[in-house]
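Protein chains: 2
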Amino acid sequence: MKSWIEIEADSDFSMENIPFGIGLIQGNGKCICTRIGDTVIDLAGMARLGYFDHLGFKVSDFEKPVLNDFISKGKKSASRIRTIIQECFMESNSSDSDMALIKQMALHNASEIQMLMPVLVGDYTDFYSSIEHATNVGMMFRDPANALLPNWRHIPVGYHGRASSIVVSGAEIHRPKGQIKPATSEFPVFSPTMQLDFELETAFVIGKENPLGDSISTAEAEEYIFGMVLFNDLSARDIQSWEYVPLGPFLSKNFASVISPWIVTLDALEPFRCNGPGQQPEVLPYLQFDGERNFDINLQVRIKPENKEETIVSKSNFKYMYWNMSQQLAHHTINGCNMRVGDLCGSGTISGPDAESYGSMLELTWKGTKPIAMPDGSERKFINDNDTVIMRGFGKKDGIRVGFGEANVKILPVK
Amino acid sequence: MKSWIEIEADSDFSMENIPFGIGLIQGNGKCICTRIGDTVIDLAGMARLGYFDHLGFKVSDFEKPVLNDFISKGKKSASRIRTIIQECFMESNSSDSDMALIKQMALHNASEIQMLMPVLVGDYTDFYSSIEHATNVGMMFRDPANALLPNWRHIPVGYHGRASSIVVSGAEIHRPKGQIKPATSEFPVFSPTMQLDFELETAFVIGKENPLGDSISTAEAEEYIFGMVLFNDLSARDIQSWEYVPLGPFLSKNFASVISPWIVTLDALEPFRCNGPGQQPEVLPYLQFDGERNFDINLQVRIKPENKEETIVSKSNFKYMYWNMSQQLAHHTINGCNMRVGDLCGSGTISGPDAESYGSMLELTWKGTKPIAMPDGSERKFINDNDTVIMRGFGKKDGIRVGFGEANVKILPVK
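Just so you know, the protein sequences line up as chains A and B, in that order.
For the first sequence, the numbering used here assigns the number 0 to the initial residue and increments by one for each residue that follows.
For the second sequence, the numbering used here assigns the number 0 to the initial residue and increments by one for each residue that follows.
To be clear, the hints were calculated from the coordinates, so they are not data collected in a lab.
Don't take every hint at face value.
If several chains are the same, the list does not tell them apart, and a pair holds so long as it fits within one copy or across any two.
Unchecked claim - Below are the DSS-like pairs computed for lysine-lysine, each with C-alpha atoms no more than 30 Å apart in a straight line:
1. Lys414 to Lys74
2. Lys1 to Lys207
3. Lys207 to Lys414
4. Lys72 to Lys414
5. Lys409 to Lys207
6. Lys75 to Lys380
7. Lys75 to Lys396
8. Lys409 to Lys63
9. Lys303 to Lys75
10. Lys303 to Lys409
11. Lys207 to Lys366
12. Lys72 to Lys29
13. Lys207 to Lys29
14. Lys63 to Lys29
15. Lys63 to Lys207
16. Lys303 to Lys74
17. Lys396 to Lys366
18. Lys57 to Lys29
19. Lys180 to Lys57
20. Lys369 to Lys314
Quick caveat: nothing in here was measured; it's all calculated off a predicted structure.
Let's have the full structure, built from the sequences with the hints guiding it.
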């Protein structure tokens, strides 16, 4: 699809994408927006021009600080809005006077708009669904001969994370401090983390609630998934290894997690469906599913030292996931756990089979034993102060490209 | 303090208590309430009578579905409201006409008012701070000779729980189902839990936020704690033991947790301050504290089979906690994790030194090996279908009694 708005060939924000986010629009406050190329489209502005009147939407439906209410209206509503936007911005579909009005009322240069947290996250869950990641971690910290724990191929292992400290791309986070237990010391010490890491993840956004006590089947699961974002589950490895038994990671993770600002709908990701890895042994019936439930989404992590160029440190793909999102959601609710609109479910670190596709510094440098050489001559075992970690992701097939933009975070020295 | 409202001698809701909750008031909707004896006081009604005018409160400040906004006004505001209520309901402090007006506008029989979730919980954290509980669990599931893990005496171990499935006392919850791995089987099976348990806990409610990146010291911690509730962290032990490595409990807990509806302020609990157990080895400086930070609060669990009488199965006390709330909060934020008003922090199961003071069926029946005899001739290893689990708690000292009411939940058969 071509648009009368300029779209560069490698833009994540094609006419096929039309994601949703919250932008801070000067003079209008927080509004629901979408993006085509480098142009942010204020949907409140489009509503003022009457484009959504026939759907029963009011201007105030788009003047919102978060997307939760909008998402609650249902995936069909969002789909209709996307279609209207596509029609309106299609090349030669609008008259010169319409275009002039739209430009005046609703279009902004992306570089001038601050993007905010897209949703109020009620609960955030993180899974652990990449077999390569779980195997790598098991080899490093437990038994190389039995790297995967006995439950791993039966359960999409997951745990609850902290919702309050999820921040949107562009955040600056101070290096966290906490308890670390040096191997040579009898007691723990108090210190800034010396092993600050990223975890390359995606997260899906819940679009529909289920009542407490009801389960969501794998067949129904995608009705409950509104869309996806990139997710950087920042982790302090030295704090984690001391604190995590027996109840799991806590302060090693909850100082900050970073998401990309644009929620890319499942509709937009439809062209990139694919099969996932085979699952052996066969999973229990409630985890079985029909059809292609993985998505071929290229993922990338770059590190940018201050005033230096970016370096790609990881190239992975969402298709490597052993457990797919439908299975994760079916498992999460099999006991009747209730989901709410805006809840986030992280994939867990997405590592691929090759060493360059590992999704964390822990794996890429094999616990710091194989540092990554940077173009400026320095090296990285983990993340340094003043490094910016940049995650990108996109699907590309048959000339269609749909991407997520960036989830980036700068690490400041300890406060 | 005596009141012109009748208060039975063993009431949890003395004039010294004056807790806060949300009641559903016929004709007025959801309102902030307090309680004296068996009388619920609608604070919106009191506001209509002008009792809070001089504090700058409007009637609409009390017509709220949750307490979050009210709590955000600060502990001093809540304290002033409590003082006004105490003055107004003090014996012989009100004229006959005042009393008649108050009765008409603001008083309700507690049995006629449905109490609702008192707060919108942003994040819920559960600690693991009873040394007796951690030791018992370690003896049963790990190594009896080294029951406490190496980090336990250094860290108030905690993890994130599910906020969406926290329900208020009076809830009915279906027995959850999930994956269980029988010892005799190579693979897990799908089954209703056969080891449904309670965990006797309290939780504190956050009353003030800290910005992301800032820590709260033990000296400041109580400024951030608005009050406390009883907390039943329902647990499916067979699901838990299969799923919990390496990332902690998940579906074994997130099907429901139950809180008591009245938030008892720290002010009201002041008379019950006491010292906690000594901590050896010495904790790191950020966990050290001054003064009495534990509270002498009697706790009790009863099981009530359907149409049968209640049986006390556990008698414990909040004073047994090894790690106090100030230490928990200082630890939780030492990495800069941000708290929001309404967040809940659970104590973890509160077990005492004696076998009758254990805070879970797991410990009371020692993994089901020592069933509890019930008066009707049946026995309990864990919780049966149609059992109601009732938790109660109160402090009592120098003629003052301040209590929490009940956190109860009925277990229905699997759905």
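Checked hints:
1. Lys414 to Lys74: Only across copies: Lys414 and Lys74 sit 28 Å apart there, 43 Å inside one copy, limit 30 Å.
2. Lys1 to Lys207: neither (32 Å within a copy, 51 Å between copies)
3. Lys207 to Lys414: Answer is between; shortest inter-copy Cα gap is 21 Å, intra-copy 39 Å.
4. Lys72 to Lys414: Intra 42 Å, inter 28 Å, cutoff 30 Å: inter-copy only.
5. Lys409 to Lys207: between (33 Å within a copy, 27 Å between copies)
6. Lys75 to Lys380: neither (46 Å within a copy, 49 Å between copies)
7. Lys75 to Lys396: within (25 Å within a copy, 61 Å between copies)
8. Lys409 to Lys63: Only inside one copy: Lys409 and Lys63 sit 27 Å apart there, 39 Å across copies, limit 30 Å.
9. Lys303 to Lys75: neither (40 Å within a copy, 47 Å between copies)
10. Lys303 to Lys409: Within one copy only: 9 Å inside a chain, 55 Å across chains, cut-off 30 Å.
11. Lys207 to Lys366: neither (40 Å within a copy, 39 Å between copies)
12. Lys72 to Lys29: Classified as both; 19 Å inside a copy, 25 Å across copies.
13. Lys207 to Lys29: Answer is both: 23 Å inside a copy and 25 Å across each meet the 30 Å cutoff.
14. Lys63 to Lys29: both (6 Å within a copy, 25 Å between copies)
15. Lys63 to Lys207: Both: 18 Å inside a copy, 25 Å across copies.
16. Lys303 to Lys74: Answer is neither; intra-copy 37 Å and inter-copy 45 Å both fail.
17. Lys396 to Lys366: Classified as neither: same-chain Cα gap 36 Å, cross-chain 55 Å, threshold 30 Å.
18. Lys57 to Lys29: Classified as both; 15 Å inside a copy, 28 Å across copies.
19. Lys180 to Lys57: neither (56 Å within a copy, 53 Å between copies)
20. Lys369 to Lys314: Only inside one copy: Lys369 and Lys314 sit 17 Å apart there, 55 Å across copies, limit 30 Å.
Hints 2, 6, 9, 11, 16, 17 and 19, counting from the list given before, are not met by this structure.
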